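Respectively, the protein sequence lines represent chains R and H.
Using our numbering, the first residue of the first sequence is number 1, and each one after it goes up by one.
Using our numbering, the first residue of the second sequence is number 1, and each one after it goes up by one.
Some hints here could point you the wrong way.
Pairwise CB distance ranges, derived in the manner of DEER restraints [what the hints assert, rightly or not]: (1) K86/R / L94/H: 51 to 59 angstroms; (2) E71/R / D65/H: 51 to 59 angstroms; (3) K86/R / G54/H: 27 to 35 angstroms; (4) K86/R / L375/H: 39 to 47 angstroms.
Since the hints were made in silico from the structure, they are not lab data.
Note that this is a predicted model, so its numbers are computed, not measured.
Even glycine gets a Cβ: it sits at the ideal position worked out from N, Cα and C.
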Amino acid sequence: MSSNKFPIPQGTLDMLILQILSLEPAHGYGIAQRLEQITRETVKINQGSLYPALHRLEQKGWLKPDWHASETGREAKFYALTAAGKKQLAAERQSWQKLTTAVDLIFNEGQ
Amino acid sequence: MRKLVNLFRRSRRERLESELDRELHYHLERRIEELRHSGLTDVEAKRQAAIDLGGIAKIQEDVRDTWYPTWLNNLIRDLRFSLRLMSNKPGFTLTAVLALALGIGPNTALFSVIYAAAFESTGYPQADHLVQGFYQPKSGKSRHPLAAGDFLQYQRESTVFESFSTSKTGFALYEGAHGTEQVRTQATTHGYITKTAKFDLILGRDFLPEEFQSGSANVVILGHAFWKTRFAAEPGVIGRTMVLSRQVYTIIGVMSPRRASEPFQIQIWKPLVFSAAEQNNRGLGDYSILARLRPGTSITTAQTEMDRIQANPAGYAITLQPVRGEWAASDTRNAIWLLGGGVSFVLLIACANLSSLMLAQGTARQREVAIRMSLGATRARLITQFLTESLVVSAMGCIGGGVLGWSLVRVLVAQLPAVTLLAETEPTLNLPVLLFTAGIALFAGTLFGSVPVWKAASLSLGASLKRSSLLRLRRVLIVAECAAAMTLLAGAAICVHSFWQRTTAELGVKQPDRILTFEFGMPAGVQGNHERIDTYYQSVLSAIRSVPGVQLATASAGAPLASHPRFPFGRESDRVGILHLMENYFETYGIPIVRGREFDNKDRNATEPVTMINQEFARIHYPNQDPLGQYLEMSLPSAKGMVPIQRRIVGIFHNVKSTGTLNLIEPEIAVPATQGFSVAATIAVRSSVDPTSLRDQIAKTLQQVAPTVAMRDAMTLDQMAANVVKREQGYAIVFSMLAALGLLLSGLGIYGVMAFLVAQRTKEIGVRMALGADRRQVMHSILREGLTLALVGLTIGAAAAAIAGSRLQSAINETQQLNYTALAAAAVVLILCAAGACLAPALRASQVDPVDSLRAE
Chain R
1 MSSNKFPIPQ GTLDMLILQI LSLEPAHGYG IAQRLEQITR ETVKINQGSL YPALHRLEQK
61 GWLKPDWHAS ETGREAKFYA LTAAGKKQLA AERQSWQKLT TAVDLIFNEG Q
Chain H
1 MRKLVNLFRR SRRERLESEL DRELHYHLER RIEELRHSGL TDVEAKRQAA IDLGGIAKIQ
61 EDVRDTWYPT WLNNLIRDLR FSLRLMSNKP GFTLTAVLAL ALGIGPNTAL FSVIYAAAFE
121 STGYPQADHL VQGFYQPKSG KSRHPLAAGD FLQYQRESTV FESFSTSKTG FALYEGAHGT
181 EQVRTQATTH GYITKTAKFD LILGRDFLPE EFQSGSANVV ILGHAFWKTR FAAEPGVIGR
241 TMVLSRQVYT IIGVMSPRRA SEPFQIQIWK PLVFSAAEQN NRGLGDYSIL ARLRPGTSIT
301 TAQTEMDRIQ ANPAGYAITL QPVRGEWAAS DTRNAIWLLG GGVSFVLLIA CANLSSLMLA
361 QGTARQREVA IRMSLGATRA RLITQFLTES LVVSAMGCIG GGVLGWSLVR VLVAQLPAVT
421 LLAETEPTLN LPVLLFTAGI ALFAGTLFGS VPVWKAASLS LGASLKRSSL LRLRRVLIVA
481 ECAAAMTLLA GAAICVHSFW QRTTAELGVK QPDRILTFEF GMPAGVQGNH ERIDTYYQSV
541 LSAIRSVPGV QLATASAGAP LASHPRFPFG RESDRVGILH LMENYFETYG IPIVRGREFD
601 NKDRNATEPV TMINQEFARI HYPNQDPLGQ YLEMSLPSAK GMVPIQRRIV GIFHNVKSTG
661 TLNLIEPEIA VPATQGFSVA ATIAVRSSVD PTSLRDQIAK TLQQVAPTVA MRDAMTLDQM
721 AANVVKREQG YAIVFSMLAA LGLLLSGLGI YGVMAFLVAQ RTKEIGVRMA LGADRRQVMH
781 SILREGLTLA LVGLTIGAAA AAIAGSRLQS AINETQQLNY TALAAAAVVL ILCAAGACLA
841 PALRASQVDP VDSLRAE
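Build out the structure end to end from the sequences listed, making use of the hints.
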């Protein structure tokens, strides 16, 4: 089963987290679930690597943590995108598009 | 910076940790629930959730890494590790911290005091631009002030000075609200106060140029202390008048506060007005130059210019010298360097101690290092860790040393008044000095702390870890420590012994409690003429003799326990005290004439020049000869230059204890005042009753003879002797403290090494015991090992002490001969201390249980 999944490209995890959080604030577990759904279980994400990434983004000031009751009624740490985070997401999305366009161009060249 | 601050806010870290914990637990619980819903059993769900998340410890580490930069994380980890290590080894930690604190504290304290006395003692702001000038004979070192005419010519013709001035100190009678008292005055030329000396005024103004013209209004500036005590620090004092020596002066300014150290006991400043006659005086005189160089001008340039002006009399050269550096009488200076040397030895011992401890610590952990290296730790990482550890210990030691030093400065200020009074402000802990000493100690500690790691790290992995070379290094350190301790102890023993000699040595004066001495100057009209001076003092003495209760009275320049004018004689320049005596000197003090005769009425100005010498002078300069009838050539400064005079030795008088700080007895020469060149006035009165009860009566009588002069420093000789002893005591106490410290530290060092040796060799000792060695043999071998090291150190130290000691002794009391008793005493104390330090480890070795020790590994 895991052999079908490919490892997530380096550096894209941060971008995916920012993207997920741009929809609504979520806690770590929620993000993990969302990631799995969105990537339709094609991308292998080590759940453990999610937390260092979240804390790193928080340190950079792109995420703002907030403790409040979750859907189960227990306290959980919710992360929300900050203004800087939104800017960062926009920048990353743009550069990602540039990259994919460039890659597409290269791939289409030969056809 | 905020991150660094946060680092030390433990609460932040704790909060982060607990939040991370809750966050991860929340994740796990939700995951377990989810997996249970999908049909897994509790156990399986928990297991699967843990696998999905990955190792919690790893995640925590990774998350923590995001909180701080890597180096900071490592540092925190190292610091925590060090603290844990230190609390695991309180013995090691305590010894190291103690060694450091005891090394750094006294050093910092003593050198702070020395620094204050030596480098801040000029008392002048921006003293590096200040120079002093005087005449020096072309063949000689004595200094002579200039006559007014010479000073004025230099002042007129020189161009390199921002300000060129001179001053003259004197006394005046101040008629205050509470009676008349003598005050110390300084008459200064224009610019002296605010331009040359750069003293600040807190009230009023400096003297104006026109106030230096003769015939101008009398104005004064008050010293701060004088203003505070006599005028209750009243700001409205400016413009008021006061009476000084029966003349009315207007107060125009008040000085800012300065310490009342010797050169600054001036209470009142006046303009120095040269009379027309005085301006024509040439050659030697009363005025030394104090001048401030223009910025960028060197003293050599200035000297060249001064030489070119050629106002100097024949046989003399004008000499400029920096004001800085001339900071203490030579005997005080000697004492200071001896103390400085002593305390440096203490630091040396402390460093050796610390190094040896660190070395032991590192050696014991070489295995740990090797293992960690083979597990992939980089050498840089390991060294950083070890450095952090030694720095943590060192930091604690430095803090301890700082606190200790801070409190010791107070002790020193109290014990060494002769030294601390030189300082402009009361010495306090000097931060640069603290940093310097702490730096040396830290360097030694970290250097030796990292040696074992370097060694272990450079070994190829798996190679056997030999300890022998490091052990040898430690042994060398112990030997060095013992050697330094021995030198220190010998020095202290010599000092204490000499102090004991001093305090018990006879004064050489009969019934010192019956002798009152005081200083009594002469009025302006008398100065400068021999006959008038002689007549004046004769009348002073006969007035004193008329007071009931007075048996004898004499006047002299130089007296027992008073500072003498020094006379350059032969090689031993400025070592011979010169006394100018009036009649009855020897009877009044009760000093026996050993041989020959005393001066009498027939020794006049016109008769043959004669002199008397003391026993010490005879011993040094006339060994195995009869000095009586021999001639002494003495060159005396006069207005015509140095004039050589042959004086016949007519008598030898008994030695009298001198004031020299470390010198018990000094060679002395006496000349009759009638043939001398100066009579300053120490008056001695011998009475049949307690002489202090006569003081007021004598003062009253003298008021009639010399209404403008007041007696100063009236004291019995007994009190003076007590004061001298008190000063001496300070040196002996401080030196003994240093020696005790050195002893303690080397004891600690020996103990540390021996304890370590025993711990390292527990297994070997166990084997030896299992093979039949008895406990006493084991104990002996340990004791022997320790004592051998101590003995080697002692021998080296004794050799060093013999060299240093003979120098010290020649500084203390003339005798070049080494004090073997003191040396032997030091050796015995050191051996006892070493034996004591070895005893505990040796006992521990003899208690080793063979079975336990072999099972230990």
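* Asked: Does the hinted range 39 to 47 angstroms hold for K86/R and L375/H at CB?
  -> 45 angstroms, holds
* That 27 to 35 angstroms hint for K86/R and G54/H (C-beta), does it hold up? -> With Cβ atoms ~30 angstroms apart, the hint holds.
* Starting from the range 51 to 59 angstroms, see whether the pair K86/R and L94/H falls in it by beta-carbon distance. => Holds: the Cβ-Cβ distance is about 57 angstroms, inside 51 to 59 angstroms.
* Beta-carbon spacing of E71/R to D65/H - inside the hinted bounds 51 to 59 angstroms or not -> 31 angstroms Cβ-Cβ, so the 51 to 59 angstroms window is violated.
In summary, the structure is inconsistent with hint 2 from the numbered list given earlier, while agreeing with all the others.
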